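Number of protein chains: 2
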Amino acid sequence: MAAELTAHELIEKHRPTLDQALEAIRTRAYWSPHPEHPKAYGENGSLDAAAGKAAFDALPGSRLDLGQPGTDDWVGGEVSPYGIELDVSYPHADVDVLIPAMRAGQRAWRDAGPEVRAVVCLEILKRISDRTHEFAHAVMHTSGQAFMMAFQAGGPHAQDRGLEAVAYAYAEQVRTPGTAEWTKPQGKRDPLALTKRFTSVPRGIGLVIGCNTFPTWNGYPGLFASLATGNAVLVKPHPRAVLPLALTVQVARDVLAAAGFDPNLVALTAERPGEGVAKTLATRPEIRIIDYTGSTSFGDWLEANARQAQVYTEKAGVNTVLVHSTDDYKGMLSNLAFSLSLYSGQMCTTPQNLLVPRDGITTDQGPKTFDEFTADLARAVDGLLGDDARANALLGAIVNPDVKARLEAAAGLGEVALASREITNPEFPDAVVRTPVIVKLDGAKPDDEAAYMSECFGPVSFAVAVDSVTDAVELLRRTVREKGAMTVGAYTTDTETERAVEDVCLEEAAQLSLNLTGGVYVNQTAAFSDFHGSGGNPAANAALTDGAFVANRFRTVEVRREA
Amino acid sequence: MAAELTAHELIEKHRPTLDQALEAIRTRAYWSPHPEHPKAYGENGSLDAAAGKAAFDALPGSRLDLGQPGTDDWVGGEVSPYGIELDVSYPHADVDVLIPAMRAGQRAWRDAGPEVRAVVCLEILKRISDRTHEFAHAVMHTSGQAFMMAFQAGGPHAQDRGLEAVAYAYAEQVRTPGTAEWTKPQGKRDPLALTKRFTSVPRGIGLVIGCNTFPTWNGYPGLFASLATGNAVLVKPHPRAVLPLALTVQVARDVLAAAGFDPNLVALTAERPGEGVAKTLATRPEIRIIDYTGSTSFGDWLEANARQAQVYTEKAGVNTVLVHSTDDYKGMLSNLAFSLSLYSGQMCTTPQNLLVPRDGITTDQGPKTFDEFTADLARAVDGLLGDDARANALLGAIVNPDVKARLEAAAGLGEVALASREITNPEFPDAVVRTPVIVKLDGAKPDDEAAYMSECFGPVSFAVAVDSVTDAVELLRRTVREKGAMTVGAYTTDTETERAVEDVCLEEAAQLSLNLTGGVYVNQTAAFSDFHGSGGNPAANAALTDGAFVANRFRTVEVRREA
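Just so you know, the sequences run in chain order H and P. Going by full-length UniProt numbering, the first residue of the first sequence is number 1, and it counts up by one from there. Going by full-length UniProt numbering, the first residue of the second sequence is number 1, and it counts up by one from there.
Chain H with its partners taken away, still in its complex shape (with noise of 0.2 Å):
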């Protein structure tokens, strides 16, 4: 049967989109081919608004099937963190019948080379992208995440987290030429002389094991890398989010049959609350790489007993903001009280523990004491929260019972700085909405520090007063090498401070976002300009994307003969 998409069509299609991709890993300067805008899609192929809103709303009642072997059942069941129930079933597979099904076409794909991967890649990112406006509510649906949020997010800058994962793959894999003659000199005597045919080899199985929170984002790296390095993927989404990343295989298996590869390469195992197939699937001989994002408990557990994969983890940290000094008051507070406030803090990357000198802090409208400063940061939340219509579009939904827990007993750990208020969304009347709290925490007691050095995911940030910029420093130095970090931000105008920040988070692998006041946040990355996290410390044992984070899912093998 001849493909419907040749190899040529879809290099003369996307090569130039690779090529701007590889670019811009390398200049490390803006660049993405997925517009951010909801307005920008419509046209040539993409769903608008309306036809995406139009396409998710023709999902509840559905069985997603995706025609795979082994599927033994379907499982469904996801509840919208916004009240509504998704009503879409699953495959659940029969991994006995999936798995080996999944390498049967490998051999084929392995063949195909490096750059024939990365352009059918780029063709399943290219139909995702033209499918934002339906992704976006499906990640709305499921993370909870407001509807901008879910549609940037979840959308352009997923799909740009996966560009980038084919860009580095496809870098790494090229960085030895398929071919080399080699001559060597033998003085008088005839050169030695061989050829030499180098093929990058995938490791097997891939595994992409889902979060709640960013079905997407955190899935599309690891997916991409793997598949585009020549590896089946196997999917197995978070229980509460499985939507995203079905429609994803679904795509992605009509791209590969389409352009006349085995769909089996990428598959979906969904599964019910509790099963804990993750377990299962992660220690299988067959799966050779693992992507994760979630606990730490669970990713420590994978790097432990997942001794026949790559191992690639997200786990939890305990993010932490300096504040000394500004030049920029109003911008500081503004641009924290939008960090603490977006997807109600339940983001890996939102700052929790705000270090705070007891004595205060300098700004250009006069010193701040430790209170007056907590006060200020709390009114602008209030502001920036005020209207509900805002605080709905800032906050999305608290995505589940444990988050709201968390938030509520946050208010008994401290004297509160802020209190968490409830809003109602009109048009969701079951979200769970809630603005964030601060509770201000002494650094030196050690009641509070046990607050103070856990993960609190969610909308929870502390106001950690401490005796002096050395004890915050050193503090922030002692919570990234125990707790680990995704993030650290700092706000300074003194050299030396600001140094010793920086050689803190060098030292601890952290990465240092500085004096944000504008329209950039510490909570936020992009793609083929920030890494994700830096690997280097317990939060995280990869960073996206960079060359570690490709380079072992694919070996080189050589054959060698005699020229």
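Derived from the structure by calculation, the hints contain no laboratory data. Since we're looking at a predicted model, the values are computed, not measured. Treat the hints loosely; a few may be bogus.
Pairwise CB distance ranges (calculated) [to be verified]:
| # | chain 1 | residue 1 | chain 2 | residue 2 | range |
| --- | --- | --- | --- | --- | --- |
| 1 | P | 191 | H | 297 | 40 to 46 Å |
| 2 | H | 23 | P | 453 | 30 to 36 Å |
| 3 | P | 305 | H | 369 | 49 to 55 Å |
| 4 | H | 285 | P | 191 | 49 to 55 Å |
| 5 | H | 383 | P | 26 | 53 to 59 Å |
Incomplete in silico selection of chain H near chain P, CB under 8 Å [what the hints assert, rightly or not]:
| # | residue |
| --- | --- |
| 6 | 30 |
| 7 | 172 |
| 8 | 177 |
| 9 | 192 |
| 10 | 534 |
Think of the CB as a built atom: it goes at the ideal place given N, C-alpha and C, for glycine as much as any other residue.
Once you have looked at the hints, place chain P on chain H.
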């Protein structure tokens, strides 16, 4: 104190070599800056043969005082496989003193950046290269390699592997620019603009655990990969092969000091036989990278237990040559005879199992039965080693009593096609020199399988009769999958068989040499062109050297601020 060697001088001196190395790993054509011929040394500051020998001869009775902090004792006692006592003593470290001292210089080393680190490494390699004749004796009298092999493999080839690691490390670090300006358009509003600085930061301290047979060749890739990526490096040599790595550490410390860096960035700790210090060191929190060459059991232990570190291992494997057909029977026999004989088969790349169809093979000299082939191969080895002087020059000495015991036991495993002979070394009468044994086994007999499916390190090979070439291919697959392989060889004139062997090697990630009949041997690899192992089968989890070997030895920390 001003540095004797400025960064500027070192860059001017070594940048052209670095650039050539970068080009070589990209094209994988033949290249080396390190001469293979002993007579090439003696000018421009390098020691000629006599001066190198004199330097080595001056060592006995000396204490190699490296000036390291925390030296609590002196240990030595190496006895050359050629029978002489080396009588050199080395620092035994109080690691609680040494390790903190090694960290003191890390910040300056980090801040020096990738290029300065690379050229400092190249200066170390240059000074080692100048003393190649001295190192040759040191490698000969610890590994048991014959002089010429110790000279080449322990000298220029090892230096090539070190330089290759520096080139990969440099390339990996500069894939991300030092700084970037990131400007994101915002429609009619001002663009978002950030200035980003990216810094390569080390993991911590790299531990190099040396081996007995190739102390420099197997030690240099990890040592230089870790050092060039900003880590300090602690070298723990094999108790019977300390001298070559101790001299290496001495040179490295001299160069670091001369370039204005802390010499403690590279240190040595020798141990008493049986002390087992590697196990204690490997799990210390400061040790973040481990490079190991040696037994499968300890390699597996490291991978399972040194969880705080990136662990790169080269362990044991069972190397196979599949013999099906040839159009150069004589060339095949002489090529195989050389591979089996070189360094008495004490190479991780030496073929062990020769899989031969029971019904025989086809050749340009007519069909040969299994027995005819084994007899002809035995004759070829006999012919190669018939002259004692030539035999000594090829075989070297048996490195330790375990190898001798295995060789002696091998004769009892099956019908002996070629018996091992004792050779006298007139210069070193105490050397244990033995020619290889070839034992015939039956691929279908379970008792024989126990022999050929285990690594029998040393001058032992098995001619394994198999029912068909299909069986041979399947046995090859099973051997690589279950036992691992550093090398695979095959002789066939049949396209289908060639394809089947290639498929196995691609699927099981093994490096394949096809139809070698001239002066290149399956057990030899060339830096900058061949990978040593694939890192994808049980024989090794890393390939020397590729992107994966260097990419996770450092992390990239980003500091971003508003532009």
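Quick rundown of the hints versus the structure:
1. 191/P to 297/H: 40 to 46 Å: holds (42 Å)
2. 23/H to 453/P: 30 to 36 Å: violated (50 Å)
3. 305/P to 369/H: 49 to 55 Å: The hint (49 to 55 Å, Cβ to Cβ) holds, given that residue 305/P and residue 369/H are roughly 50 Å apart.
4. 285/H to 191/P: 49 to 55 Å: Holds, at about 51 Å.
5. 383/H to 26/P: 53 to 59 Å: holds (56 Å)
6. 30: With Cβ-Cβ at 5 Å, under 8 Å, it holds.
7. 172: Check passed: Cβ of residue 172/H comes within 6 Å of chain P, closer than 8 Å.
8. 177: Holds, about 6 Å.
9. 192: holds (5 Å)
10. 534: Because about 5 Å separates residue 534/H from the closest Cβ in chain P, which is inside the 8 Å limit, the hint holds.
Checked against the numbered hints listed earlier, the structure breaks hint 2 alone; every other hint is satisfied.
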